[in-house]
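K.L.:
So you can see what is in the structure, the chains are spelled out below.
Number of protein chains: 4
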Amino acid sequence: MKTLAAASAKPANIGALAAQFSRMREETAALVQPLEDEDCCVQSMPDASPVKWHLAHTTWFFETFILERFEADFQPFHPAFRVLFNSYYDGVGDQHPRAQRGLITRPSLREVWTYRRNIDQRMQQVFVAPLSDESAAEMATLVELGLHHEQQHQELLLTDIKHLFSLNPLKPPYKLLHTLPNADQLREGLAADALPDLEWQKFDGGVVEVGHDGEGFFFDNETPRHRQFVEPFSMASRLVSKGEYLAFVEEGGYQNPLLWLAAGWEWITQHKLAHPLYWQKSVSQFDSAWQEFTLNGLQPIALDEPVAHISFFEAEAYARWAGARLPTEAEWETAAVAAGSAVHDETDYFGQVWQWTTSSYAPYPGYTALEGAVGEYNGKFMVNQYVLRGSSCVTPSGHTRLSYRNFFPATARWQFSGMRLARS
Amino acid sequence: MKTLAAASAKPANIGALAAQFSRMREETAALVQPLEDEDCCVQSMPDASPVKWHLAHTTWFFETFILERFEADFQPFHPAFRVLFNSYYDGVGDQHPRAQRGLITRPSLREVWTYRRNIDQRMQQVFVAPLSDESAAEMATLVELGLHHEQQHQELLLTDIKHLFSLNPLKPPYKLLHTLPNADQLREGLAADALPDLEWQKFDGGVVEVGHDGEGFFFDNETPRHRQFVEPFSMASRLVSKGEYLAFVEEGGYQNPLLWLAAGWEWITQHKLAHPLYWQKSVSQFDSAWQEFTLNGLQPIALDEPVAHISFFEAEAYARWAGARLPTEAEWETAAVAAGSAVHDETDYFGQVWQWTTSSYAPYPGYTALEGAVGEYNGKFMVNQYVLRGSSCVTPSGHTRLSYRNFFPATARWQFSGMRLARS
Amino acid sequence: MKTLAAASAKPANIGALAAQFSRMREETAALVQPLEDEDCCVQSMPDASPVKWHLAHTTWFFETFILERFEADFQPFHPAFRVLFNSYYDGVGDQHPRAQRGLITRPSLREVWTYRRNIDQRMQQVFVAPLSDESAAEMATLVELGLHHEQQHQELLLTDIKHLFSLNPLKPPYKLLHTLPNADQLREGLAADALPDLEWQKFDGGVVEVGHDGEGFFFDNETPRHRQFVEPFSMASRLVSKGEYLAFVEEGGYQNPLLWLAAGWEWITQHKLAHPLYWQKSVSQFDSAWQEFTLNGLQPIALDEPVAHISFFEAEAYARWAGARLPTEAEWETAAVAAGSAVHDETDYFGQVWQWTTSSYAPYPGYTALEGAVGEYNGKFMVNQYVLRGSSCVTPSGHTRLSYRNFFPATARWQFSGMRLARS
Amino acid sequence: MKTLAAASAKPANIGALAAQFSRMREETAALVQPLEDEDCCVQSMPDASPVKWHLAHTTWFFETFILERFEADFQPFHPAFRVLFNSYYDGVGDQHPRAQRGLITRPSLREVWTYRRNIDQRMQQVFVAPLSDESAAEMATLVELGLHHEQQHQELLLTDIKHLFSLNPLKPPYKLLHTLPNADQLREGLAADALPDLEWQKFDGGVVEVGHDGEGFFFDNETPRHRQFVEPFSMASRLVSKGEYLAFVEEGGYQNPLLWLAAGWEWITQHKLAHPLYWQKSVSQFDSAWQEFTLNGLQPIALDEPVAHISFFEAEAYARWAGARLPTEAEWETAAVAAGSAVHDETDYFGQVWQWTTSSYAPYPGYTALEGAVGEYNGKFMVNQYVLRGSSCVTPSGHTRLSYRNFFPATARWQFSGMRLARS
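One line per chain: the protein sequences are F, C, S and V, in this order. Heads up: the first sequence begins at 208 in our numbering, then just goes up one per residue. Heads up: the second sequence begins at 208 in our numbering, then just goes up one per residue. Heads up: the third sequence begins at 208 in our numbering, then just goes up one per residue. Heads up: the fourth sequence begins at 208 in our numbering, then just goes up one per residue.
Derived by calculation from the structure, the hints in this document are not laboratory data. On a predicted model such as this, the values are computed, not experimentally measured, just so you know. Watch out, some of these pointers could steer you wrong.
What the hints assert, rightly or not - Computed spacing ranges between beta-carbons, pair by pair: (1) V:ASP301 x S:GLY459: 29 to 39 Å; (2) V:GLN227 x F:VAL490: 58 to 68 Å; (3) C:SER339 x F:LEU374: 39 to 49 Å; (4) S:SER342 x V:PRO376: 31 to 41 Å; (5) C:GLU422 x V:LYS479: 14 to 24 Å; (6) V:PRO376 x S:PHE424: 26 to 36 Å; (7) S:GLU406 x F:SER495: 51 to 61 Å; (8) S:TRP407 x F:LEU505: 48 to 58 Å; (9) C:GLU233 x V:LYS479: 51 to 61 Å; (10) F:GLN462 x V:GLY222: 39 to 49 Å; (11) S:GLY459 x F:SER489: 25 to 35 Å; (12) F:ASP494 x S:GLY459: 21 to 31 Å; (13) S:GLU406 x F:GLN462: 46 to 56 Å; (14) F:SER489 x C:GLU278: 30 to 40 Å.
Cβ atoms here follow ideal geometry from the backbone N, Cα and C, with glycine treated the same way.
Let the hints inform the model, and build the full structure from the sequences given.
P.N.:
Structure below.
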């Protein structure tokens, strides 16, 4: 196994890190501002977590992996929190059952804020405490991991609250309650001015390199950078839109088993699914109209926006219906580089919807997990999941990488998951 | 069907009723005082409801059954509440799914308090509005029903919050947070000074009369008063204690199938039950000790108190082990009368634990439900449930009657349910 | 507890019993004649058992309760059978899991026939072996119990095979394959020549006696004979017909929650039930027609026959729709006596369909189970079940008694269960 | 999509095919010889099918895909069989629910044998009927597919009957009942004379070719042959043995979460798994011994044989414990070629146990399914499954190919699934 210190050899700029830490923690807090205490406590399904749990767990991460190691005379804020807010780190010890996170009304949200402030202050003290260069480098690497971890939970916090609100018959909006300072970061979807024609960009294939090259921050699952042999392929110039997906819905896509993987067909049949998550058809005596639940409440479907909240199964079936297929990870990464990685915020490879690939989530050749409990971060989930590439409209800025590998089961729909077509 | 008006023929004293209404609603509010907003939102299991839901549903009851009928120019407080806070009245319309009551973070608790205040004020206006005698009598009867309904939910609120807190690893106490004005009403259990010897009181049986005679308030399921033939029997002079039940636990009661009804044995086997709900054995290297979770937090088991939180199955098995049986409803009522109904607060027939009987919950001969949607109050639950008699330590004062029929499935344990033995 | 010997004081006529034993065992064998080996092996649902299991379990009953006690040098036929074919007698030891009875392809049916022949021969030897009067009386009582037990399984064998065949898309008939010697005993339903008008027979009520008086054979649950107080009531002169029930179906009975017990409504909603078990509507482009699956295969519904295969919930809802109610056990027994118990085969109280009562299955006052493992025969099932009275078209002749108490959960439908209406 | 005809361009030798057809069908029949009719009817779990269903479904395959197309005046043997014995071909129409295959006691086994004989005779008539060259080639390709399909079901028949018998407390053996002509083909496991030392064979990697080259028969999922880039790796010289796996069991492998994928740990915890399927520890007062259920009944564990009946999760955890990993498909195929494909029956790459790879079952680049309903053969299962390579001790001879891709979910254990280790 590799050590984190080895992964970040350059001398750590602790001062910059401390400032970044403060900013990141404030950004999380800002996301909670529009919410009631009660919104923060409830768990809408086992896959989702309460907002309060996100706030506490990300704090637990810093307490457990940085303070416990680098703080002199470390004392836990509350001994029970070690179990309560441990997500899945068996190396740290027991965990409160995931499906019961929503029963934890105590500590209250107020107490969790106290927890956060306490850990934040102690982190700042650790930042200014004298450390050997080696320890400083190691700590810097762990803090950086914690900050990216915090960003992941910023995105999950939004997708989880969207799911919770969608189950409320009052369909409450998330944003309209308050004006947020950074509200533009929290918008859902980027309204395309006008949907451009879909073009097919050709690639020659051959031996290509994929994965992270080791400069800057990365998760272990993005490494090692390695070669793959890729056949010639074409990639769609833009994402599949809601309007295009609606045609699939209305032309019977969910009624034709021949379009679906067998497990996908069984799943949509069992759950009576006939459209993406959050879509609904309002029917009156005069007409019917498709609507979608968004972070801004119930809205008419924005046909030119990229389709979101579809499962791998739905993406795969749509692609077959459209005479295409999903790309592999290597194809996606190759095409994304070509589309202009230097300016990746300006392409729709990023910042709109995560894009399902046909690649099962598996270790790259030569992959080794980090040493210690943080080694459980990624590796142990590499089975029965599919990789999504890119980033979404609720991914925090600065959390985007060409080599980033997001992953979810083939049935997951509550993330901003969409697709880009490929062809052989 | 009988009408409510017919059930309450005497001229209504609306002024007294208005005062009683205010007092009852304040008592409910006092129960919520020790709780955080988050405590009030979460549902710990489908059988239990969030505190906030109790607050809103009892309000909905007055809005739907009194204001909608007797208020001039009635407008609903919020149109969606008619569905959201309808428990099970099909005659009123659709209901929000019971198991999803905990997902309703909006309306917030604050908004539900506003709802309560609004309905309370409008109720007071209706109380002083001019009404025909007939309408006044009808309204009085419905208000009285609503007040007893509110008391039922006061008890459920406490049993539900106890269940929620029991699932929290921090085992938070309900009472110690705040000093309540009427804290003595909320105590859990009546510590017996010393456990008296159990004596057997003999009854001759014959044709007895049971059920409510129609004076004062009653639920429809307590009527009509009617005759039953009862064989000679003996009744225990006091309730079964926790210490006595502990002997059953420690002498292998939960390991011997011959003591149990077949369905009870299957149930304890499947759920690995080996003691009452809320009991736990703390084991250290030095010793082991039985504890119980109470509204005051985790405590050593109070051996002289009446056993509580047992199911019908457990009560029935204990009785067999003890060489006795559970009483029937008619036996219980006969013995309770003899024990001194006029002073029933001074006997342990009331105010300690509900007492399982062997009687299935069924209509009394000639039973008819009330007219209209309130007719769904009791009758439609008369299957696969068993009757409990008496009242518990968290039953509001004034909610106790000799003929009162409480009822729960044979597996229910989260109520303060215990037992009194009988013999043929 | 009472002993079986005490229950049968008269000197045992062992010779007659031996002949009765042979005849009864042959009647069971005759029922299996129309079946393939495979039909006898499969279990269609946990409530039902394979035919082969019925054959083996009834044999096990004689081996375990008679041979093991009265045969000199008893050796079990096969040691594993003690567990394999024990239904639910914890006093005898472990049991093969009920839901896995259908996995037992070995012993094969052929081997089970060998088992039956072996035990039958040994029983005949025991019948002629010298025994003290006391032992002979005890044995006679146990054999008699075993024969009535065998008759119960004859009925279950037919209802279970009907259920199995109903799930086969080929809808195979049971009878047409072979001509049975006693085929008229196995007919399903007694076609009423013409449906007589329904009349209401009035009863004065008062203190009545119910239960078995101890002459001849009875199950322990029918005793002791005891007094009950019954209010005046009326009883329908005949059973509810399929045609009458069809009107309930077609006039929206299954769509109106106000007709149903809450648990019944939840159950039919969850399972999407809209008619009795085995009914189906065949729809073509020209017309639609109701059919029912019978032991003679798929047939047009015989409208004048008594409705069968309805649950307690359906019977109870129908009664409410019809402005009536189900009778109690005591009412049913009182009316059946009046209808002429001496000639009970000529009334429709018997021999057509079991009739749901509103009485929960509970011990009669002073009930005690038999001593030893046979004491588990009845008592331990006295919870969450409802009593059916009478007998059905597939009840063996000689298995009918005025005091007979059949019992099933409120959702059971695969028995020939129907209803007779009552009114207060 | 490609057509089957295109896949098999050479002139069809129909005579040889007819002989091969007869032989293959007889081999299936021989496998059933040791079984009782009842053994053939029961379904032990939804993943498994009754023997009778295998017999009928393989017949249905020839009737539907060959006779229906090439027989003059085709008439179905029985119209209901089209649905009853359709496994999963949506292009053919509806299917009887998979989990209810065991309820089909009719048609009886005898009738299914009649069905087989009828279709076999009609197939022989079609073999000698005049056909155009193109039709003959197309038919030959479909027959060849049907024969390989039959072989797959020969293997499943044995693994399914093993599973059924394992659930019977009598633990019946499959083989000892009768002497089979080809009994040596049905042996379970190849007892290694002595377990050779495990050696690591090194491979340089680079761009390799994998997949079928199109000569002879193949399934569509093995194509197209294509290039992959492989890093240098080492492959174990032999399979992991039962003795080696037992060390993992006894040294706490199933108790250490850090060895397992998260989903695997959750699965073994939920199902309380602590050893391979069919293993059991018999404990007496004197000693304890590991046994395994085999097609020859319960036996002491043969420590030198390859471990079998382990899931992907178990294989993956064992590999981690052993400081190694599972190979990818490309690594396995590369190493198997090097081990001597020409003589593959003499290596343990084949004929012992299927070997889990770390490769998710996915389409090869450029994969297209066959045209028509047979196109559903493979492609629609390419999700959430993992590829196994090689063949097992119950794989029919002639069904082995270097490029063969078997696939099962990560939890499947009832196949003869084992593993070979790899290292980077």
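K.L.:
Report the numbers of all earlier hints that the structure fails to satisfy, in ascending order.
P.N.:
5
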